[in-house]
Each structure stands twice: as structure tokens, then as C-alpha cells.
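S.K.: Using the sequences provided together with the hints, build the complete structure.
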Amino acid sequence: MRGQWDITRRDFLKGVAVGSSILVGSSLLGCAEKKPEETPTATPTKEEKPSGKPIRIGGQFEMTGLLATYGYWYDKAVKAAINKVNSEGGIAGRPVEYVGPEDTQTKADVGAEKMKKLVLEDNVDFVLGSVHSGICIASAPIAEQFNTLYFPTGMSHSITASKGNRHVFRLITEVRLQVEAAGDWVLENIGKKWAIAYLDYAWGQSHDKWFTKKVEEHGGEVAAHIPIPLDAKDLVPYVSKIPDNVEAVYYATLGSKTIGFLNTYRDLGKEAELFSVICANDGIDTEPLKDIIEGQWMLEYMPRRLEGLDTPYNREFREACGVDPEGREIGNPKNVIVGSHYWAHYETVFLLKKAIEESGWESKDDNMALIETLEDMRVKEGPGFPQGPAYMRKEDHQAFVRTWMSRVENGKLVVKKEIPLEDSIYPPEIDYTKM
Amino acid sequence: MVMIGQIVIGGLNGIVWGLILALITIGLTLILSMDIPNVAHGELYMIGAVIGYFAIDYLGFFWIGLLIAMFTVALIGMGIERGVLRTIEKDPIRILIATFGLIFVFQHVALLTFGGAPRRIDPPMTASFSIFGFHYPLYRIFVALISVIVLLGLYLFLYRTKFGLWIRASTQNRDMAMAMGIPVNAIFMWTFALGAALASVGGVLSSPIIAIEYSMGLEMTVLAFIIVIIGGIGSLKGTLIGAILIGELEGISSALLNPTIARMISLIVLVIVLIARPRGLFSK
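Top line first, the protein sequences correspond to chains E and V.
Take 1 as the starting number for the first sequence in our numbering and just add one per residue.
Take 1001 as the starting number for the second sequence in our numbering and just add one per residue.
Hints in this document: simulated from the structure, not taken from any laboratory.
One or more hints might be untrue.
[Claimed, not checked] If we take Cβ atoms under 8 Å as the criterion, some of the chain E residues that face chain V in the derived model are:
#1 D231
#2 D234
#3 K241
#4 I259
#5 E287
#6 P288
[To be verified] To list a few chain V residues with every Cβ distance to chain E over 12 Å, as calculated:
#7 Q1006
#8 L1021
#9 I1064
#10 R1082
#11 G1083
#12 L1111
#13 L1145
#14 V1148
#15 I1149
#16 Y1155
#17 K1162
#18 A1186
#19 I1241
#20 V1269
#21 V1273
[To be verified] Some residues of chain V that are not near chain E, with every Cβ distance over 10 Å (derived):
#22 I1020
#23 Y1058
#24 F1061
#25 L1075
#26 V1105
#27 V1109
#28 A1117
#29 V1150
#30 I1209
#31 M1216
#32 A1262
#33 I1265
#34 L1270
#35 I1275
Glycine residues also receive a C-beta, built at the ideal position from the N, C-alpha and C atoms.
M.R.: Right under this line is the structure:
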């Protein structure tokens, strides 16, 4: 069928190919002080208005694309933290200025460009980074090259191992830490014979690798490893490969793939227990999914619901971000927090405040002193640190924090066990201080 | 036995999923037959799912929500044809750019209203049946039947009605059709609306299976174009066969092989088909 203006098949395919490549791009997509026993201070009273040259903190977040929910909440958390810091006298008496958010569009190439923009054009002093591991890995060398401290939130293990450097600090958990934290408990309490279903890229493959090791340590068995292509839509071909004789399934999926996985799991009549890290479900409203998610176990890095961590610091943090006790946005209850992630950038602002004030940092010229101050820092739960105690390991700049084992009951995440940060520590693979 | 069961389930699901893909893609085939390279077709599918979600959430009735989504997206389709495409209808490059622009518009409207997190429409039925030791959901069979009925209805509409004849005449030779007194502009507008409505039906019906996300349209656009190109641009039969071929290739090969290798093999087979039939299986 051809019309008046003839578009040839070749013209058409060329146009589609060019357009698609523009759009699809590379999308997709997985503490503070040397004196460990410092007692947290009470919420400070209002201090003098900060003055002097502002300290500029940039935000490199996913405001659009697959991980847009994260950017939305990161932005809110950083604004809340900076408002609090400025209202309490700033950092070392200087005001803090938020530059951003710079939208990565959830694409590695765009994210790296935004990192360069923040550092070279906006002249930020620090960058709070993406949740997209590919973007974090692409941004780490830029941080080192231009002497800018970078705080990524991607979960890939390599960000604080082979792909990191001395300018990169990660306050949030990562895949190996999560497996260390949850592994022993799930193997002792849920079962020893597992299937692992995971999205087939670095993040999912890491979960498969580290959890398999953990199962082997416990003398258990992984009966099936099931990679799921990132662009798979119908998951029947993959879920049907889960053997019926496994005791439990460890799944590492994200976003709509999680809902697709759970739907298909129910549809195919699978009955083994389900476990996942919260990344699979963060930002997703579990209550309407009660029929497919009820009873499953999840590792949370900070409880979604206030009930799981009801402290004055958490109440203050949630209020500042506009979050209700159930983990929903006040005024827009359909919007659920990425509760296990957004705290990290809130706390990073306070971590920086502490480190800057301790090290006497004034500009990037003093970055080495600041890095040395951050290395091996510890903080206790308190104002600015609602998630709890944290320890920033000197060698690989990975922070260790407590986590929570939760179960879905009546559609809600209910904390069943708190896992202390010590249970998640593993030997460092690298020592940046010697490089 | 387990392996046989997996192959049977893979084969059955391949047909079912292929029919669902055909339902989503058939609208694109109609629109392409008017020489409109609408790369925002996946966004019409996404917007349909989003409107369906809100309507079902508000009213509590799946089928009424489906109808609301279908008619709303048909209206949006009419608006696009009249307001955006009519003025640039003789320039395919500008149409490509304009429809790319529509992708961003639709995605950001959905991001603002629906949010970035995925959600699900509850299926209107949850029963399943057993086959070779595997459960299989009845809803999928039901959706596949709807696809068959819609495709059959569309065939009868295009080949057994006066309006269908006008559509075929207008898309084959626009000037001649105008000379014969066929209201070509109106035909194009209604055809575009029909294509958009079919995309939205696909969006709502597949939402209980694969969830709704504001960015889901783009992936579906790519898949829909692959199906159309394999089947042959403008061919309803080609779209149906192309969609089932893709569904079957993935369904059976994934049951037998590592899914990543299965995906590679299915793409290699599609490339071989294109080499053998460069204009698609059923090109006109």
C-alpha cells in the first residue's frame, strides 16, 4: 500500500533506527567520625544565619526514565537536609547551596555528562550521585579526575571495589553487603534449596553470584539460575523454569518486571517462599498487590513504615520529606517512598557537615584532608542520621549500616528482625589508601 | 516430563502472547498502511493502560474502564491526526520527528499524573487450569480469544464493508480515492483513531499481565515495529503471523535454552527471515 508521497522501506527503517537510537540510548538498566563512641547531640537550636561563600552540593539524579521515582525522592531528601543544615547555621558557618537536580534520564551517557556539567560548569564542591550503577561507574573516574568527592547510591558491588577510587564514598548498602546481611538468616529460616531469578545485567548477576556463594557456604543448593532479559515483557518462559521442588526463590528484579514476575509466579501456581532485597519493590505500593506479594520476605535498608523504626530522628526526617507513617507522600498517598534509598542522600549532607567541620575543609584544595577524615568514620543514630549507626570503611569507602528483615502482612511491610551492621561486614577487596 | 511440560507451556504461551502482541501491533499496521510512520504508537498503548488504570481504580469495573480507555485514546488519536499530522502529511521525516516529540509529551504527562512507579490493574478473572503439571491462567486465554475476535472483526470490517473498502482505497492511492469521491481526510482520521483505540485495548488487557509503567511504550514500539517489519508493512495477516512467530520463538527456545541464548537465537531467526524475505513475510 503506497500513498502519494512514497516513503521507501529503506527511508522508513533509517528514520526509525535513528530515532530509536536517540531515545533508547544506553538506558538501563541493581558515618562520621574517627572517635567511634561520640554521643549524638540533641537537635541543635537555631544558630546564626550562615554567611560566606556557599558550599555547593550537586544532585545527579534520575528525574525521568526507568528510575524516575528515585530521583523524585532523592531531590526531596536533599532539599530537606540542606534546609535543616542552613537553618541550624550551615556547615562551618557557611551556607549550603543545592545545585540541581541534574536529570540523568536513567542513561549512563547522559548521567556522565551531567556529572561533568556539575563539576566543570556549575563548580559544585560535592556530587550526590545516581542510583543507576552504570552512571555511578561512569562518574567515578570523573570525580577523581576533577578532584570532586562523589557519593553514589548505585548498588553494584564494583562501585566500591574495582570501579571506585579514593574520591568515591558510598553510604548506602550494596549487593554483597545485602547478601551478607540477609543470607545467613534466610538460609537458616526459609530453606536451603533455592532458585535464583534475576535481571540479566550487572546488578542481577551480582545477586546471583553472591547469593550462590552464600548458599554453598551453608551447604545448600541452588537448583536453578534463571536470568531474565532486561527487555522481556512476558515472563512465563522464565518463571516456568523455576523447579517445583525448591523451598524458596530469591528474585532480583526491578520496577514493572517485579510486578510481572509476581503476577506470573502466582498465575503459574508456584508456591515456594519468596525473598528479595527491597530494591525489587522500593517505591512500589504493596497493598494493591496483596494477592501476589503476601507473605514474602524482603531485606529493607530502612523500614518503609514508621512503625519499623519509630524514633524522633526518623519522625523528623519523614516529616521534613512529607512522608506519612505508612510511607506514602502526604497529599499524594499513591506515591510511595523509596524508603530504603532516599535516606542515604539526606544523611550524606550531614556526613559532609561533620567531616568538613572536623577536617577544617575550606575548598577543594583541602579534599585530601576531608577524604582522610571520612575514611573510617563512624556515626551513631541521631539528628541527621535517622537510619542508625554507620561505619565508613577506610579501605574501600563502603559504609556498613544496619538492615531489617521484613515480611509482607496484609499488604504491608512489617519488620520482623533488625540485622546489626556488624553482620553485613565482609573483607575489603581493595584498599584505595594504598593506590 | 518436566521438560515436556515446559515445552508445551512455552508453545501454548507463545501463541497466546503472540495474539496479545498482535492486538497491540495491529493498530500500528493500520496506521502504517496510511504511510504514517507513527513511532509514538507505543505511547498510545501506554496512555490507554494509564487511562484504563485510573478509570478502573475510580469505577471499580474492568470492562467499563477498558471502554473508557478505548474511546478516550481514540479521541486522542483523532486529535493527533487532525492537529499534528494533517499539516505535515506529505513529509515522512517531519512525521517521524513530530511523533518522536509526541513520545516525550505522552511520557511526561504520564510521569506527572501516574508517577514513576509501576502499578497493576487487577485481572478480571484469576482462575487457572492445569496442563502437564503446570498451571496456566485462564485470563491469558481469554485475552487471546479477544485478540482473535478483534482481528477477525477488523478483517471483516476492512474487506466486507464499504468503509473498509474506502480505507483500503485511500491507503492504496489517495489521489484516485479522492477523485472517486471518497472522503479521504475523514477516512484517515477515523483510521488513525481506530489504530489508537486498538493500541489502548492492548494496553489495558495486557496490564494485568505485565504491569503499567510510564516508560513502557517505547519498548513496545520497538517490538511492534519488529513484528510489522517481519510480517510485512501493511499486512494484517503478516502482523498476526509475525507476532505469533516472535511469541513462539521466545516461548519454546526459552524453555530449552538459557534465556539470553534463546533471545539471541530468536533474533537470528528473525534476521534470516528478513534476508529471505526483505519486504517481510506478507508484504504487499
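S.K.: Grab the minimum beta-carbon distance between I1241(V) and chain E and tell me whether it stays above 12 Å.
M.R.: holds (18 Å)
S.K.: Is the Cβ of K1162(V) farther than 12 Å from every Cβ of chain E?
M.R.: Holds, since 18 Å exceeds 12 Å.
S.K.: Over 10 Å to the closest beta carbon of chain E is the bar; see if F1061(V) clears it.
M.R.: At about 16 Å from chain E, F1061(V) clears the 10 Å cut-off, so the statement holds.
S.K.: Once the closest CB in chain E is found, is it more than 12 Å from L1021(V)?
M.R.: Check fails; 9 Å does not lie beyond 12 Å.
S.K.: A cut-off of 10 Å on Cβ-Cβ distance, and A1117(V) was said to be off the interface with chain E. Does that hold?
M.R.: Its Cβ does come within 10 Å of chain E, the nearest being 4 Å, so this is violated.
S.K.: Verify this label for me: L1145(V) is non-interface relative to chain E, using a Cβ-Cβ cutoff of 12 Å.
M.R.: holds (17 Å)
S.K.: Beyond 10 Å on every Cβ pair: is that true for I1020(V) relative to chain E?
M.R.: Nearest chain E Cβ is 8 Å from I1020(V), so the label is violated.
S.K.: Beyond 10 Å from every Cβ of chain E: is that where the Cβ of I1265(V) lies?
M.R.: holds (12 Å)
S.K.: Quick one: work out the minimum CB distance from I1064(V) to chain E and report holds if it exceeds 12 Å, violated otherwise.
M.R.: holds (19 Å)
S.K.: Can we keep the D234(E) interface hint, with Cβ of chain V closer than 8 Å?
M.R.: Hint holds; D234(E) Cβ to chain V Cβ min 5 Å, cut 8 Å.
S.K.: Min Cβ distance, P288(E) to chain V: is it shorter than 8 Å?
M.R.: holds (7 Å)
S.K.: Evaluate the condition: distance from the CB of V1148(V) to the nearest CB of chain E exceeds 12 Å.
M.R.: holds (18 Å)
Comparing the model with each earlier hint shows violations of hints 5, 7, 8, 12, 22, 28, 30, 31 and 32; every other hint is respected.
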